[in-house]
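Asker: Residue numbers (our numbering), protein chains in the order written: chain A, 1 to 437; chain B, 1 to 368; chain C, 1 to 358.
Just so you know, these hints were derived from the structure itself, not from any lab.
In this text the structure is predicted, and so the values were computed from the model without any measurement.
Don't take each hint at face value.
The following residues of chain C were derived to be distant from chain B, with all beta-carbon distances above 10 Å [stated by the list, open to error]:
(1) 4
(2) 96
(3) 136
(4) 167
(5) 179
(6) 194
(7) 306
(8) 329
Derived lysine-lysine pairs resembling DSS-like cross-links, with alpha carbons at most 25 Å apart [to be verified]:
(9) A:428 with C:93
(10) A:88 with A:118
(11) A:118 with C:93
Think of the CB as a built atom: it goes at the ideal place given N, C-alpha and C, for glycine as much as any other residue.
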Amino acid sequence: MSFKKLALGIGAAGMLASGLFAASTPAQAEDTIYVPLLTYRTGAFAGSGVPIANGLHDYLAMLNERDGGVGGARLIIEECETGYNAQKGVECYESTKGNGAIVYNPFSTGITLQLIPKAPVDEIPILSMGYGLSATAVGETFPWTFNAPATYWSQMSAIITHINEQGDGIAGQKIGFIYLDVGYGREPIDLLDALAADMGFEVVKVPVAVAEMQSQSSHWLQVRRENPDWMIMWGWGAMNPTAIKEAINIDYPMDRFIGVWWSGGDSDLRPAGDDAIGYLSANFHATGTDFPAIQDILTHVVDAGLSQASRESVGENYYNRGLMNSVLIAEGIRTAQELTGKVAITGADMRMGLENMNLSEERLAEIGLAGFTNPITVTCEDHAGAHPIYLQQWNGAGWEAASDWITPMRDRVRPLLEAAAEAYVADKPDWETQSCN
Amino acid sequence: MVLWILLVLAAGAAVYYGIRFEGSLKQRDRHAMIALSAITVVILGVQLYRAELLGEIFIEPFAFMGEAPDLFVQVLWQGFVDGTLYALIALGFVLIFKASGVFNFAQGIMVVFGALSLVGLHAAGVPAWGALVLALVIMGVLAVGVERIVLRPLVNQEPIILFMATIGLWYFLIGFGELIFGGEPKVMITEQLGLPTGRWRFDILGGRVNVNQLDVAAAAIAVLLVTGLGIFFNKTRIGRALRAVADDHQAAMSVGISLNQIWRIVWFAAGIVALATGIMWGAKSDVSFALAIVALKALPVLILGGFTSIPGAIVGGLIIGIGEKMAEFYWGPLVGGSIESWFPYFLALIFLLFRPQGLFGDKIIDRI
Amino acid sequence: MFYREAGQFKTTYRADQAVFPIRQDLIGIVILMAFLVVVVPLTFNDFWISSVMIPTLIFALAAIGLNILTGFAGQLSLGTGGFMGVGAFACYKLTTIFPEVNIIVHIALSGLFAAGVGFVFGLPSLRVKGFYLAVATLASQFFLEWSFGRIPWLYNYNASGAIEVPNKYLFGIPIAGPTASAEARYLVVLAFVVVLTFVASNLVRGRFGRAWMAVRDMDIAAELIGIRLLPTKLMAFTISSYFAGVAGALMVFMWLGAAEVASFDINVSFQILFMVIIGGLGSIMGAFLGAAFIWNLPILLRGVPKFFGLDINAATVEHIQFMVVGGMIIFFLIVEPSGFARLWQITKEKLRRWPFPY
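Given these sequences and hints, build the entire structure.
Answerer: Below, the structure is given as structure tokens:
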């Protein structure tokens with residue numbers, strides 16, 4: 001390469017950079033709302049990330065196509081690829097927050113942990129739907145973070161409740177807990193230990209490092225050696241299909257194997273196929289496409305070629321999970337618009353909207369999702385709400401409900417959450433809290 | 001616990017240097033080192049004894065092996081299965097390193113890329129065996145492309161530069177593969193390829209041993225590949241040319257062997273090995289780029305076996321595979337589990353301290 | 001025309017051995033520093049400071065560390081991420097054990113812990129060389145990653161195993177934690193990087209640097225001329241790890257604000273190795289150029305479709321970005337295997353003769 005060409009190249013790159021510099025702060029028009037979506041369609045966790053990203057995007061796109069947005073404000077949807085990587089997630093956050101972002105949904109407990117302290121400073125709420133730091137359910141301590149419909153701790157307590165209701169109860173039994181060895185997987189351990197002491201069962205923990213996700217034979221031999229009565233899994237991405245296959249290899253009974261709601265993707269179960277029949281996974285919404293809103297997505301978005309999802313993948317568990325998240329975003333926006341009377345709301349307005357959200361049965365029917373989920377209400381004190389969850393069972397091709405709605409042990413969990421919230425702010429003297437009276 | 005392990009390692013290393021390197025250390029330093037490490041070992045032993053861990057470390061695991069022989073056999077078998085796959089990945093490395101001196105970091109990605117092409121083509125409507133042939137063609141094109149675009153312009157560069165270039169290739173193939181076939185993981189077309197999916201259950205040794213037929217097939221294919229490569233290297237003209245290149249580039253060129261052609265052939269051979277590995281590992285879980293992380297395990301295998309030895313890759317793979325499963329299963333729970341992620345590297349490192357060129361590698365002779 | 005050293009006569013050895021012997025270089029560096037210290041905080045927006053400038057500087061520091069080890073002492077290492085993690089966790093523990101001591105002191109001290117760990121993991125380097133050593137350093141990487149997750153004491157028994165940064169002040173101004181402004185954090189990082197770069201550039205010019213380079217070029221020959229291999233190599237590991245440790249502490253405290261084990265995984269080690277090699281092995285300047293290139297190329301690429309008004313979805317951009325980064329690495333290795341540092345040198349040569357080349 002000649003020196004001149006190099007100089008030209010550097011010059012061009014410089015111009016491009018300065019152009020970006022100018023373009024990174026566009027003026028926001030009056031009637032639009034900017035919704036950045038932190039998604040991941042690449043990397044080791046893409047298997048779980050792709051359907052969620054599709055569901056997230058498609059519901060909001062459908063609102064744009066069908067209704068022209070929410071309450072007259074068109075949604076500007078921008079995906080930013082995080083690859084489930086905390087550094088990239090923070091970079092996505094920094095690069096999009098200046099465009100008037102109203103809410104973030106990181107879909108990674110690791111990224112959520114990084115964003116929690118930033119939220120009050122930038123005044124943009126975080127909606128970590130059913131993941132993230134369990135303690136952020138305490139609204140007084142974490143005004144800017146929401147994890148409706150339930151925390152990991154609520155979920156764990158519901159799973160334990162379910163096990164307790166089977167046969168002779170949980171006392172004296174051995175519960176195996178296999179988890180992805182990152183912040184996400186370790187999150188429910190405190191509660192599990194507390195419950196074990198209370199209810200008199202034994203816990204065997206089997207951590208799986210990220211590097212070992214696809215090579216779990218020794219972990220499952222460990223399980224075979226301990227021979228627990230029930231297995232609970234907190235897995236994600238490539239860990240899930242491998243774990244299910246290895247469980248089959250050691251002849252572990254599938255109907256005693258319960259996954260967190262992030263271990264229940266259709267793509268997680270498909271490699272094992274019929275061998276995995278009976279596997280249980282927690283959930284808080286329905287699967288399938290028998291809802292008017294999802295039919296609208298099929299006509300307005302998928303058939304119009306505006307989606308990256310194939311027609312068959314609509315209605316899969318994780319697709320509907322992403323959709324559910326977008327429903328919460330849209331309802332939060334609508335509530336905020338009603339409360340403030342504004343069309344183009346800000347992050348602070350959105351926080352108010354999320355905090356006063358009431359997704360009642362009537363409201364669900366109105367938006368074409370009757371019976372899609374249990375009604376969800378968020379209050380100032382409780383940003384998660386400990387809503388009931390249910391277990392679904394794999395039938396070889398899809399999911400079927402396998403239990404009634406199980407109510408988490410709110411009385412048991414809430415004090416622990418409050419203690420954890422207190423511990424979180426203990427070394428942060430100037431942490432901003434709110435009073436809920 | 002972990003601090004103790006660190007202490008043990010430090011002590012071990014100190015003892016070793018003290019004894020082995022009389023030449024490069026002053027006598028005084030050497031004595032100090034030996035004394036220091038002896039003190040560490042004594043403290044450590046006392047600590048372990050007081051914590052009553054000596055039994056847990058040195059007696060109970062072995063007792064358990066005897067108590068549950070079925071589990072012991074099962075652990076050995078799982079180690080053997082994973083070891084075969086590590087060995088296959090390492091084999092790809094060795095082929096390329098032998099012939100071109102390139103430390104091909106992208107081998108793990110080639111494994112995924114091969115499997116991904118196969119599954120992607122099948123998803124696009126190509127019948128399974130046609131997809132297999134086309135995937136082989138893709139690996140061939142890749143080999144030619146790599147030789148033409150990457151290796152030829154970089155000929156005569158430092159090894160580290162070539163190593164970096166393969167890391168560039170690594171990135172490129174991830175992006176390229178995901179762009180064409182999508183980032184979501186795919187299900188390996190095991191049955192369509194005629195591979196067995198069933199499971200044998202042996203009720204022996206007072207318990208049971210489960211054997212996946214697929215794992216048996218994987219081992220068989222590995223044996224076939226190694227034998228095939230062995231015959232190819234030893235009996236054919238190209239194979240002999242290849243060994244000549246591995247021995248001495250310049251001498252090989254001077255007798256009229258085309259380096260470029262040889263490189264294309266070894267990269268293609270490595271591509272075939274990668275494809276076979278990809279099919280096997282893909283069938284065990286699923287086909288996605290997350291597999292590339294597992295492929296890093298081939299590195300300790302390489303250290304152990306030596307960069308230039310095909311039997312070394314096989315033996316190294318089995319030692320690492322069985323070693324890590326045994327360690328994880330019998331000793332892992334003592335320190336919180338998941339030691340598999342680093343144990344193979346330490347195992348390799350310990351071997352390395354005694355044989356820096358690996359078990360079967362060529363002896364390194366330094367000259368001035 | 002402007003970059004000409006003719007007429008600058010050195011009358012003392014001192015002047016001849018100055019860090020910047022050419023007057024124009026000195027003027028240039030003063031202008032650059034003025035730009036970095038005054039213009040950047042005043043005119044750049046939050047995104048540019050906290051997602052471009054701060055990470056570039058921090059990675060440059062880590063790259064200098066690795067460059068000391070790999071570029072100057074010739075010991076290939078894939079464990080930088082782990083050593084950065086040691087620095088970060090050490091700094092976190094220090095801030096919780098001694099909360100009253102200033103964070104600046106903590107960051108500077110945290111490097112020492114990383115240096116200690118680097119010393120231990122440097123021990124095999126006497127026996128093991130080249131790629132074998134590179135794989136051996138992977139042992140340290142994976143072992144450290146594992147211990148960060150397995151020793152709850154390190155993250156104060158936090159339920160999710162993450163460390164978070166509380167607010168920290170310097171002269172009453174918040175410089176770390178969520179309320180710290182991007183500008184304040186940037187200036188602290190800049191100060192650390194400038195001081196440590198100065199230290200590094202003098203180290204490699206001095207006795208240590210010469211010993212390292214001798215070992216790199218041929219260790220047996222170096223031994224014959226009286227360089228003791230073990231202390232020299234261990235010194236390189238120790239100092240290199242100190243830099244990595246400080247960079248890790250800065251990364252968590254001045255940039256990310258929170259971290260978990262995954263922030264220091266093997267990919268970080270690779271990223272920094274890229275920076276060193278693309279920037280130029282054995283060049284301090286190269287570490288900065290490499291860090292700027294590797295960190296900012298994806299950001300730039302992500303902005304390209306937007307700049308031209310194209311609507312390409314984020315995942316496709318990411319895939320293309322992978323391909324381009326991979327392609328660029330190969331391209332630069334083919335064009336200039338000695339890295340950007342060499343291109344920079346060529347530029348200087350050309351500038352000297354400009355506008356009358358011969």
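Asker: Hint by hint, note whether the structure agrees.
Answerer: We went through each hint and held it up to the structure:
Look at residue 4 of chain C: its CB is around 34 Å from the nearest CB on chain B, clear of 10 Å, so calling it non-interface holds up. Once the 10 Å rule is applied to beta carbons, residue 96 of chain C is consistent with being away from chain B; the minimum gap is 19 Å. Once the 10 Å rule is applied to beta carbons, residue 136 of chain C is inconsistent with being away from chain B; the minimum gap is 5 Å. The claim that residue 167 of chain C lies off the interface holds: its Cβ sits roughly 31 Å from the closest Cβ of chain B, which is beyond the 10 Å cut-off.
Separation of residue 179 of chain C from chain B is adequate, the least Cβ-Cβ distance of about 35 Å exceeding the 10 Å criterion. Listed as outside the interface, residue 194 of chain C is consistent with that label: its C-beta sits roughly 29 Å from the nearest C-beta of chain B, beyond the 10 Å cut-off. With 10 Å as the threshold on Cβ separation, the claim that residue 306 of chain C sits away from chain B holds: the shortest Cβ distance comes to roughly 19 Å. For residue 329 of chain C, the shortest C-beta to C-beta distance to chain B comes to about 3 Å, within the 10 Å cut-off, and the non-interface label is violated.
Straight-line distance between C-alpha atoms of residue 428 of chain A and residue 93 of chain C comes to about 15 Å, which keeps the hinted pair within the 25 Å bound. With a C-alpha separation of about 15 Å, the suggested pairing of residue 88 of chain A with residue 118 of chain A holds against the 25 Å cut-off. In summary, the hint linking residue 118 of chain A to residue 93 of chain C is supported, as the alpha carbons are separated by about 22 Å, within the 25 Å threshold.
When held up to the earlier numbered hints, the structure conflicts with 3, 8 and fits the remainder.
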